[in-house]
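Asks: So you can see what is in the structure, the chains are spelled out below.
Protein chains: 2
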Amino acid sequence: MADQLDATIQSPRDVRMEIRNDRVQGSTSGLAPGYLQANLVVVPESAAFDFLLFCHRNPKPCPILEVLDAGSPEPRVTAPGADLRTDVGRYRVFEHGQQVDEPTDIRRWWRSDLVAFLLGCSFSFEDAMRRAGLPLRHVEERRTVPMFRTSIECARAGQFHGPLVVSMRPLTPMDAIRAAEITARYPLAHGAPVHAGDPGAIGIADVNRPDYGEAVTMRPGEIPVFWACAVTPQAAIANARPPFAITHAPGRMFVTDVRAEHEA
Amino acid sequence: MADQLDATIQSPRDVRMEIRNDRVQGSTSGLAPGYLQANLVVVPESAAFDFLLFCHRNPKPCPILEVLDAGSPEPRVTAPGADLRTDVGRYRVFEHGQQVDEPTDIRRWWRSDLVAFLLGCSFSFEDAMRRAGLPLRHVEERRTVPMFRTSIECARAGQFHGPLVVSMRPLTPMDAIRAAEITARYPLAHGAPVHAGDPGAIGIADVNRPDYGEAVTMRPGEIPVFWACAVTPQAAIANARPPFAITHAPGRMFVTDVRAEHEA
Numbered sequence: 311m312a313d314q315l316d317a318t319i320q321s322p323r324d325v326r327m328e329i330r331n332d333r334v335q336g337s338t339s340g341l342a343p344g345y346l347q348a349n350l351v352v353v354p355e356s357a358a359f360d361f362l363l364f365c366h367r368n369p370k371p372c373p374i375l376e377v378l379d380a381g382s383p384e385p386r387v388t389a390p391g392a393d394l395r396t397d398v399g400r401y402r403v404f405e406h407g408q409q410v411d412e413p414t415d416i417r418r419w420w421r422s423d424l425v426a427f428l429l430g431c432s433f434s435f436e437d438a439m440r441r442a443g444l445p446l447r448h449v450e451e452r453r454t455v456p457m458f459r460t461s462i463e464c465a466r467a468g469q470f471h472g473p474l475v476v477s478m479r480p481l482t483p484m485d486a487i488r489a490a491e492i493t494a495r496y497p498l499a500h501g502a503p504v505h506a507g508d509p510g511a512i513g514i515a516d517v518n519r520p521d522y523g524e525a526v527t528m529r530p531g532e533i534p535v536f537w538a539c540a541v542t543p544q545a546a547i548a549n550a551r552p553p554f555a556i557t558h559a560p561g562r563m564f565v566t567d568v569r570a571e572h573e574a
Numbered sequence: 311m312a313d314q315l316d317a318t319i320q321s322p323r324d325v326r327m328e329i330r331n332d333r334v335q336g337s338t339s340g341l342a343p344g345y346l347q348a349n350l351v352v353v354p355e356s357a358a359f360d361f362l363l364f365c366h367r368n369p370k371p372c373p374i375l376e377v378l379d380a381g382s383p384e385p386r387v388t389a390p391g392a393d394l395r396t397d398v399g400r401y402r403v404f405e406h407g408q409q410v411d412e413p414t415d416i417r418r419w420w421r422s423d424l425v426a427f428l429l430g431c432s433f434s435f436e437d438a439m440r441r442a443g444l445p446l447r448h449v450e451e452r453r454t455v456p457m458f459r460t461s462i463e464c465a466r467a468g469q470f471h472g473p474l475v476v477s478m479r480p481l482t483p484m485d486a487i488r489a490a491e492i493t494a495r496y497p498l499a500h501g502a503p504v505h506a507g508d509p510g511a512i513g514i515a516d517v518n519r520p521d522y523g524e525a526v527t528m529r530p531g532e533i534p535v536f537w538a539c540a541v542t543p544q545a546a547i548a549n550a551r552p553p554f555a556i557t558h559a560p561g562r563m564f565v566t567d568v569r570a571e572h573e574a
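One line per chain: the protein sequences are G and C, in this order. The opening residue of the first sequence carries number 311 in my numbering; numbering runs sequentially from there. The opening residue of the second sequence carries number 311 in my numbering; numbering runs sequentially from there.
Accuracy of the hints is not assured; some may be wrong.
If you only want the chain G side, here are some residues facing chain C, beta carbon under 10 Å, derived [what the hints assert, rightly or not]: (1) 359; (2) 363; (3) 410; (4) 444.
Pairs of lysine to aspartate or glutamate residues, derived as DMTMM-like cross-links and limited to a Cα-Cα distance of at most 25 Å, are as follows [said to hold, decoys possible]: (5) 370(C) - 384(G); (6) 370(G) - 463(C); (7) 370(C) - 376(G); (8) 370(C) - 567(G).
Away from chain G, derived, C-beta distances all over 10 Å, residues of chain C [stated by the list, open to error]: (9) 358; (10) 359; (11) 367; (12) 465; (13) 506; (14) 524.
If you are wondering where the hints come from, they were derived from the structure by calculation, not from laboratory data. None of the values given here were measured: they were computed from a predicted structure. C-beta: ideal position from N, C-alpha, C; glycine also.
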C-alpha cells in the first residue's frame with residue numbers, strides 16, 4: 311500500500327483509481343508530481359454563465375482548466391475516461407450555501423443539469439518552486455498554507471462576488487523575485503504573486519492570524535509574498551448561495567493528465 | 311475631415327466619436343494604431359453560457375477581450391464610457407440565423423437580456439507585422455484578406471459548433487517564422503499561426519479560391535501561412551441559429567482603449 315502510493319511512480323490515472331476505490335482520501339499534495347491538479351466546482355446550469363464569467367473576469371484566483379458540458383462527469387480534455395463523481399477523495403455538497411453532505415462519491419447527488427468546472431491549483435507552482443530550491447515554509451512546518459481575505463474585491467459577475475483570497479509564503483526579497491519569475495510560467499496555477507510586502511496594503515491586519523489555514527514562521531529578512539488562491543471562488547459561492555453546489559473538500563484535488571510544463 | 315481621420319493622431323475615443331456620429335462607417339483597419347480592435351457578438355442570455363464556453367474552448371479563433379453584464383452596452387474594462395449600441399460603424403442583426411437588418415445604430419434592437427462579447431481581431435497583429443517589415447499581401451493589393459473554412463472542427467459547446475475558419479497571408483518560410491514569433495505575442499489577436507504550408511492538410515482545396523475575402527498573389531518561394539480568424543464564431547452562430555444575435559459588419563470593428571502591447 312505504501313509502495314503503491316509512492317508519488318514518484320504513480321501516474322495521474324493510478325492516483326485517480328486509488329481515490330475512486332477509496333484507498334486515498336487525504337491531501338493530494340505531492341501525488342502524481344508534474345501533473346496539474348484541479349479545484350472542483352459544480353453548479354447548476356442556471357448559475358453556470360455567471361460562474362464562468364466570474365472565472366473569466368478573475369483569472370488569477372480562478373484559472374479555468376476545463377468546463378464540462380452540462381450533465382457530463384467526464385473531463386474529456388484534461389482527463390479522458392475519468393469520472394468527476396468518484397475520482398475526488400472527498401466532496402462538499404451545498405444547498406443554498408449550507409453544507410448538507412461531505413461524501414467520498416457524488417453519484418447519488420449527480421443531475422443532468424450540473425456543470426463541472428476544473429480550476430487550477432497552487433500545488434503545481436509549489437512543485438516548481440521546490441525544484442528551484444525555494445523554501446516552502448508551510449511544507450517545512452507541516453502546516454496548511456496560511457490564507458487571507460483581502461480588501462481587493464473581485465470583479466463581480468451576476469450573483470458571484472466577494473474578496474480576493476490569497477495564500478502567503480514568506481521569502482527573502484531576492485527569493486520573492488525568483489519565485490515571481492517561476493510562478494509566472496504557470497498561469498493555470500494562479501501565476502505570479504498578486505502582492506509582496508506590506509500586508510496592510512491589501513487589507514490584511516496581521517500575517518500571523520490567517521483567515522484559513524495555519525500561521526507559519528516569518529524569519530528575519532523575509533517578506534510575506536501573496537498569491538491568488540482558489541478559496542476565492544468558494545467564497546464567491548458562499549456569498550451567492552446558489553440553490554445547489556458541489557466542491558472538493560480542502561486539499562483533496564482532482565488530478566489531471568495535463569503536464570504542468572505543457573499548460574501553455 | 312480628412313485631417314481629423316488621420317490615423318496617427320486619433321485616440322480610440324476620438325475614433326469612436328467619429329463612428330458614433332456616423333462620420334466613419336467603413337473599415338476600421340489602421341485607425342487608432344496600437345490599440346486593440348474587437349469583433350462584436352451579441353446573444354441573448356439564454357445562449358450566453360454556450361457561447362462563452364465556445365470561446366473558452368476555442369481561444370485562438372475567439373480570444374475574449376471582454377464579456378459585458380446582461381443588458382449593459384458599456385465595456386467598462388476595455389473602453390469605459392463607450393456605448394456598443396452606437397460606437398460600431400455598421401451592425402448586422404439576425405433572427406434565427408437570418409439577417410434582418412444592417413443598421414449603423416442598434417439602440418432600437420437593444421434588450422435587457424442581451425450579452426455582448428468583444429473578441430480579439432487580427433488588425434493588431436497585422437500592425438505588429440507591418441512594423442517588423444513583414445509583407446501583408448492583401449494590404450499591398452488592396453484586397454480583403456482571403457479566408458477559408460478548414461476541415462478542423464472547433465470544440466463544440468452546446469448549440470455552437472462549426473469549422474475553424476482561417477485567414478491566409480503568403481510569406482517566405484523565414485518570414486513565416488518571424489511572423490510566428492511576433493504574432494505569438496498577441497494571444498488576444500489570434501496569436502501564432504495554426505498552420506503553414508500544405509493547404510490540403512487542413513482541408514483547403516485551392517488557396518486561390520477563398521471562401522470569404524479575396525484571393526491574393528502567391529509569389530515564388532512563398533508558402534501560405536494560416537491564422538485562426540474571427541469569422542469562426544460567426545460561422546458557429548450561423549450553425550446554431552439562436553433566436554436573436556447581433557454582430558459588427560465585416561471590417562467595422564469596435565476600437566478599444568487597450569494598448570495592444572499591454573494585452574498580456
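Asks: Now, for every hint given, state plainly whether the structure supports it.
Replies: Hints and how they fare:
| no. | hint | in the structure |
| --- | --- | --- |
| 1 | 359 | holds (4 Å) |
| 2 | 363 | holds (6 Å) |
| 3 | 410 | violated (25 Å) |
| 4 | 444 | violated (24 Å) |
| 5 | 370(C) - 384(G) | holds (24 Å) |
| 6 | 370(G) - 463(C) | violated (30 Å) |
| 7 | 370(C) - 376(G) | holds (16 Å) |
| 8 | 370(C) - 567(G) | holds (22 Å) |
| 9 | 358 | violated (5 Å) |
| 10 | 359 | violated (4 Å) |
| 11 | 367 | violated (8 Å) |
| 12 | 465 | violated (8 Å) |
| 13 | 506 | holds (20 Å) |
| 14 | 524 | holds (35 Å) |
Violated hints, in rising order: 3, 4, 6, 9, 10, 11, 12; the structure is consistent with all others.
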